[in-house]
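2 protein chains.
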Amino acid sequence: MVGYDDIRVAQDRLAGHARITPLLDAPQLDAIAGRPVFVKAECLQRTGSFKFRGAWNRIAALVEAGEAGAVVASSSGNHAQGVALACQIYRIPATILMPSDAPRAKVDATRGYGAEVVFYDRETEDRDAIAEALAVDRNAVFVPPYDDPFVIAGQGTCGLEIAEQARERGVEAGTMLVCCGGGGLSSGIALALERDVPSLRVRPVEPAGFDDMAASLAAGERRAIVPGSTSIQDAILTPSPGRITFPIARRLFGPGLVVPDEDALRAMALAWRWLKIVLEPGGATALAAALFQGESLADGPVVVTASGGNVDPAVFARALSLDTA
Amino acid sequence: MVGYDDIRVAQDRLAGHARITPLLDAPQLDAIAGRPVFVKAECLQRTGSFKFRGAWNRIAALVEAGEAGAVVASSSGNHAQGVALACQIYRIPATILMPSDAPRAKVDATRGYGAEVVFYDRETEDRDAIAEALAVDRNAVFVPPYDDPFVIAGQGTCGLEIAEQARERGVEAGTMLVCCGGGGLSSGIALALERDVPSLRVRPVEPAGFDDMAASLAAGERRAIVPGSTSIQDAILTPSPGRITFPIARRLFGPGLVVPDEDALRAMALAWRWLKIVLEPGGATALAAALFQGESLADGPVVVTASGGNVDPAVFARALSLDTA
Chain W
1 MVGYDDIRVA QDRLAGHARI TPLLDAPQLD AIAGRPVFVK AECLQRTGSF KFRGAWNRIA
61 ALVEAGEAGA VVASSSGNHA QGVALACQIY RIPATILMPS DAPRAKVDAT RGYGAEVVFY
121 DRETEDRDAI AEALAVDRNA VFVPPYDDPF VIAGQGTCGL EIAEQARERG VEAGTMLVCC
181 GGGGLSSGIA LALERDVPSL RVRPVEPAGF DDMAASLAAG ERRAIVPGST SIQDAILTPS
241 PGRITFPIAR RLFGPGLVVP DEDALRAMAL AWRWLKIVLE PGGATALAAA LFQGESLADG
301 PVVVTASGGN VDPAVFARAL SLDTA
Chain R
1 MVGYDDIRVA QDRLAGHARI TPLLDAPQLD AIAGRPVFVK AECLQRTGSF KFRGAWNRIA
61 ALVEAGEAGA VVASSSGNHA QGVALACQIY RIPATILMPS DAPRAKVDAT RGYGAEVVFY
121 DRETEDRDAI AEALAVDRNA VFVPPYDDPF VIAGQGTCGL EIAEQARERG VEAGTMLVCC
181 GGGGLSSGIA LALERDVPSL RVRPVEPAGF DDMAASLAAG ERRAIVPGST SIQDAILTPS
241 PGRITFPIAR RLFGPGLVVP DEDALRAMAL AWRWLKIVLE PGGATALAAA LFQGESLADG
301 PVVVTASGGN VDPAVFARAL SLDTA
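Chains W and R are the protein sequences, given in the same order. Under my numbering, think of the first position of the first sequence as 1, with each following residue one higher. Under my numbering, think of the first position of the second sequence as 1, with each following residue one higher.
Bound conformation, chain W alone (with noise of 0.2 Å):
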């Protein structure tokens, strides 16, 4: 189990580590929504994503029960980069699986802060099979990307700091749009608004085809989705929704809202024009619906993660290439 305590413990582990990220908005964002908009700028996280937050604190619980030996992760590459850092920092050994259509720059900047990469194929390859091997090979301890209460707290420290920031704007209800891959980030950011904006509602939000966790929260079970193709969304593509962060979002999440890849870009080229920040597409999808999604939202403001920009330039000149003029 996994509460508002054990994010507050977090806090503590990451104060110093962590950054405490800007909540930006702009006028211009704010007119094409039809509504005040703020943006919880997440890309500017050190390794330029949040997944920072939650694998600091997982390893550095390890290391405070002395059991941080060997640390093996799988991983698109944010997650990879946050463990990546984490064991760098502490001189403990990181081996990442990633896919191998993985993005470049996540691969490049993994590798940049010492872990060693190991590939597998994500059509013929069972991952966790080969992580768990690997995890044994080198005596190490598995760290998830989200189904993990150490994992899930530490993100929660993102939902401390937009209630702080949020309530500074004046802003204690509304919508809280959320990019959502297995729910570790979304979960808990609900957590923490449970207790200190209960008014502010979590909304998962996924790449068009890989909507798992709107599909289980409507069904009011974990379901799984067999994707028919692929998105560039690649931060939060997830088959279903993880058996710790299921319940949290039952209890705690309002529908969810699905964003296709074209969206995404645009969401991209407007924070790149407005914000002046670089977003990847999966760490724009909250954007996206908060811009172009405003008939599925309640009145009121919208709070969104811009939860990475780890992204290549061919796809980021993709982006600029939208007229958004």
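For the record, the hints were derived by calculation from the structure and aren't laboratory data. In this text the structure is predicted, and so the values were computed from the model without any measurement. Possibly wrong hints are sitting among the right ones.
To be verified - On the chain R side, residues computed to face chain W include the following (Cβ under 8 Å):
| hint | residue |
| --- | --- |
| 1 | Pro22 |
| 2 | Leu24 |
| 3 | Gln28 |
| 4 | Ile32 |
| 5 | Cys43 |
| 6 | Leu44 |
| 7 | Gly48 |
| 8 | Gly112 |
| 9 | Trp272 |
| 10 | Lys276 |
| 11 | Gly309 |
| 12 | Val315 |
| 13 | Phe316 |
| 14 | Ala317 |
| 15 | Leu320 |
What the hints assert, rightly or not - Now the in silico label distances, taken between C-beta atoms and shown as ranges:
| hint | chain 1 | residue 1 | chain 2 | residue 2 | range |
| --- | --- | --- | --- | --- | --- |
| 16 | W | Arg195 | R | Val63 | 39 to 47 Å |
| 17 | W | Ser321 | R | Glu164 | 34 to 42 Å |
| 18 | W | Gly228 | R | Gly170 | 51 to 59 Å |
| 19 | W | Arg111 | R | Gly170 | 23 to 31 Å |
Ideal placement from N, C-alpha and C gives every residue a C-beta, glycine not left out.
Since chain W is already given, all that's left is putting chain R on it; use the hints.
Leaving out everything else, chain R in the frame of chain W:
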């Protein structure tokens, strides 16, 4: 005259209106520079550049004095947006004189903040004469881009924040590189640091071919340059240092540095990749010097201003196309 106390007054005026921008860093940039590099991300300021600080301080002071009937300013685009937004908030009509070759993003954004834009031809028309005529015609106050005590004091608030943020990181001495046009930001920062972190020495950084501040510092008196070419670092193309800024510069600045356009583009790409912020060429000038001219700098950490991020997509795409991996 303008001094430290004026900057403190400006800070009070800006509280709740301007943003306190973050001081960012990344180990990958430290590795390139061979020393710690800290980046004051003024691109995240309202209107996408530091210019909102000085514009707000000048216009708020006019309002306090009951002298703000209408405003005229001339600018290639960042001061334009700062003045336009400050006037929009105060509901004061603003007219901005812009060169006809100003970046489209800057023209559009300035109009978006409700200002009227009037164009002039850089080659054939006298900007100052046109601005004066406009001010007379509209019974308006002219708000200068840098050579004004209130504007300098407003920009100096950036220096107060740098002092506090640098000390939080343990930086008590080193080099402060500032993107420099007429010297408003650099002289304001120098006045703040003189009191708060006197061993952090300001050095101005200018585009190659537009090194009027460096030449004036070397000569010990104001010198004008006759540009033989142009530069994409449009935000900081000035013919000579200001009458008010130069005595401050002469007393407090170290020697100037000069950056070619290609290096500004490379710095933009690296800030995109490792800091996840959007810089325009003239906002990346100081970072370029920190990264690529380390041999010209005293030992120790470097703090740089990332002064603005208002750039056309095509120029940004050109930066991204450089291989910085």
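These are the hints, each one checked on the structure:
Look at proline 22/R: its Cβ gets to within about 6 Å of chain W, closer than 8 Å, so that hint holds up. Because the smallest distance between the Cβ of leucine 24/R and any Cβ of chain W comes to about 7 Å, under 8 Å, the interface hint for this residue holds. With a least beta-carbon distance of about 6 Å to chain W, the hint placing glutamine 28/R at the interface is held under the 8 Å criterion. Hint status for isoleucine 32/R relative to chain W: violated, with the closest Cβ pair at about 12 Å, above 8 Å.
Contact between cysteine 43/R and chain W, as hinted, is supported at the beta carbon level, the nearest pair being about 4 Å apart and thus within 8 Å. About 6 Å separates the beta-carbon of leucine 44/R from the nearest beta-carbon of chain W, less than 8 Å, and the hint is met. At about 5 Å, the closest approach between the beta carbon of glycine 48/R and any beta carbon in chain W falls short of 8 Å, and the interface hint on this residue holds. The interface hint given for glycine 112/R holds, since its Cβ lies 6 Å from the closest Cβ of chain W, which is under the 8 Å cut-off.
Taking 8 Å as the C-beta cut-off, the interface hint given for tryptophan 272/R holds, the closest approach to chain W being about 5 Å. Interface restraint check for lysine 276/R: the shortest CB-CB distance to chain W comes to about 4 Å, inside 8 Å, so the restraint holds. At about 4 Å, the closest approach between the beta carbon of glycine 309/R and any beta carbon in chain W falls short of 8 Å, and the interface hint on this residue holds. Checking valine 315/R against chain W by beta carbon gives a least distance of about 10 Å; that is not within 8 Å, so the hint is violated.
Taking 8 Å as the C-beta cut-off, the interface hint given for phenylalanine 316/R holds, the closest approach to chain W being about 6 Å. Proximity of alanine 317/R to chain W holds as hinted, the smallest CB-CB distance being about 5 Å (cut-off 8 Å). Interface restraint check for leucine 320/R: the shortest CB-CB distance to chain W comes to about 4 Å, inside 8 Å, so the restraint holds. For arginine 195/W paired with valine 63/R, a C-beta distance near 41 Å keeps the hint of 39 to 47 Å intact.
At about 40 Å, the CB distance of serine 321/W to glutamate 164/R agrees with the hint of 34 to 42 Å. The supplied range of 51 to 59 Å is met by glycine 228/W and glycine 170/R, whose beta-carbon atoms lie about 53 Å from each other. For the pair arginine 111/W and glycine 170/R, the supplied restraint of 23 to 31 Å holds, since their beta-carbon distance comes to about 29 Å.
Checked against the numbered hints above, the structure violates hints 4, 12; every other hint is satisfied.
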